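S.K.: Sequence:
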Amino acid sequence: MPSSPGEDNAGTVIVSLPVALPAPHATCPPEHIIAGIPQVPSEELGDVTLSRPPRPRVLDVIMPGAIPPELAHSARNMADVEEALRRDTPSPSVPTDEIREQDYRLAQSMSAAALSPHHAQEWPCPSESPERVLPNSTSSYLQPGSKFVGTQQSDRQVYNVQVEIKYVDMEESFLCGYLRIQGLTDDHPTLTTYFEGEIIGNKHTFKTAHPEWGSSEKVDMQHWNRFPAWRPLAKQAKSPTFTFKNYAQREHLFMRWKEYFLVPDHKVKTITGASFEGFYYICFNQCSGSVSGIYFHAKSEKFQQLELEHINDRGCSAAMEFR
Numbered sequence: 091m092p093s094s095p096g097e098d099n100a101g102t103v104i105v106s107l108p109v110a111l112p113a114p115h116a117t118c119p120p121e122h123i124i125a126g127i128p129q130v131p132s133e134e135l136g137d138v139t140l141s142r143p144p145r146p147r148v149l150d151v152i153m154p155g156a157i158p159p160e161l162a163h164s165a166r167n168m169a170d171v172e173e174a175l176r177r178d179t180p181s182p183s184v185p186t187d188e189i190r191e192q193d194y195r196l197a198q199s200m201s202a203a204a205l206s207p208h209h210a211q212e213w214p215c216p217s218e219s220p221e222r223v224l225p226n227s228t229s230s231y232l233q234p235g236s237k238f239v240g241t242q243q244s245d246r247q248v249y250n251v252q253v254e255i256k257y258v259d260m261e262e263s264f265l266c267g268y269l270r271i272q273g274l275t276d277d278h279p280t281l282t283t284y285f286e287g288e289i290i291g292n293k294h295t296f297k298t299a300h301p302e303w304g305s306s307e308k309v310d311m312q313h314w315n316r317f318p319a320w321r322p323l324a325k326q327a328k329s330p331t332f333t334f335k336n337y338a339q340r341e342h343l344f345m346r347w348k349e350y351f352l353v354p355d356h357k358v359k360t361i362t363g364a365s366f367e368g369f370y371y372i373c374f375n376q377c378s379g380s381v382s383g384i385y386f387h388a389k390s391e392k393f394q395q396l397e398l399e400h401i402n403d404r405g406c407s408a409a410m411e412f413r
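Going by the working numbering, the final residue of the sequence shown carries number 413, and the count climbs one at a time with no gaps.
Possibly wrong hints are sitting among the right ones.
[What the hints assert, rightly or not] Think about it this way: if two alpha-carbon atoms lie no more than 25 Å apart in a straight line, the pair counts; the simulated DMTMM-like pairs of lysine to aspartate or glutamate are: (1) Lys-237 to Glu-399; (2) Lys-237 to Asp-403; (3) Lys-357 to Glu-307; (4) Lys-389 to Asp-276; (5) Lys-392 to Glu-307; (6) Lys-335 to Asp-310; (7) Lys-293 to Glu-367.
Derived by calculation from the structure, the hints in this document are not laboratory data. Remember, it's a predicted structure, so these values are computed and weren't measured experimentally.
Construct the complete structure from the given sequences, taking the supplied hints into account.
M.R.: Given below as structure tokens:
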């Protein structure tokens, strides 16, 4: 270690010269490893608990930038959409959001230790933290990349249906994806629509909050009541102050799926013999992966039944090869 000049027992003068040490690195690991993760100055850390940055909603997950802004119903901005596509690569058996959370916290913790070695950052115990963050998905059946197949049945016809989930955000009570139906019209053997889903819980109630969808409180109760899993909630759900709490931990999730436009040609507004102006009341079983739904549109046949089952892909995970 550095010392001042002096003499040893043999009379030899010892001079300690200053050594040029490399400037300390502000982050560990270096920026190129944790690129994209925001760093917090040490003077701002203190005892503040770091929280995860907000997630964007996804609109155009397959064709970034192809959807005009006037159709971006729930997306925060198109740049976030493109970023969400890169971030949410389907991986049913690997919780990607959990990995990002761990990487973010690890990098912030290591950065704080490098800048302030005598003031280590302590993360609060989950039971003591006032903010409980929901995972992006609470079921292996409901996450980006999940697919479901089944039928939509009216009194006269049965149509084959396939649903593909593109994005799920339990914290925002939101999901989106594509719905494909076959045989609806002769001119269009297969129609694909983009839909967004509201998950009933802290942010959405059983009463439809969109007058333009054409529903009413009476219509809502009639449709929800057709799901056996909902009937125990019927009396409570009629209360204007009722909130469906702990929805993510329940066996059944209740949702509304609203179709917005055709894919890929979003400019087509109407098709003879078909309509996507209505929406679905959905009951999803988180344990079995089954989907039951009822389609509603004021000018369509009542109580068209949607029944879907999850496609078992036997797991899909990221692969890495070392050479």
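S.K.: Taking the numbered hints from earlier one at a time, note which ones the structure violates and give those numbers from smallest to largest.
M.R.: Hint check: 3 fails alone, others pass.
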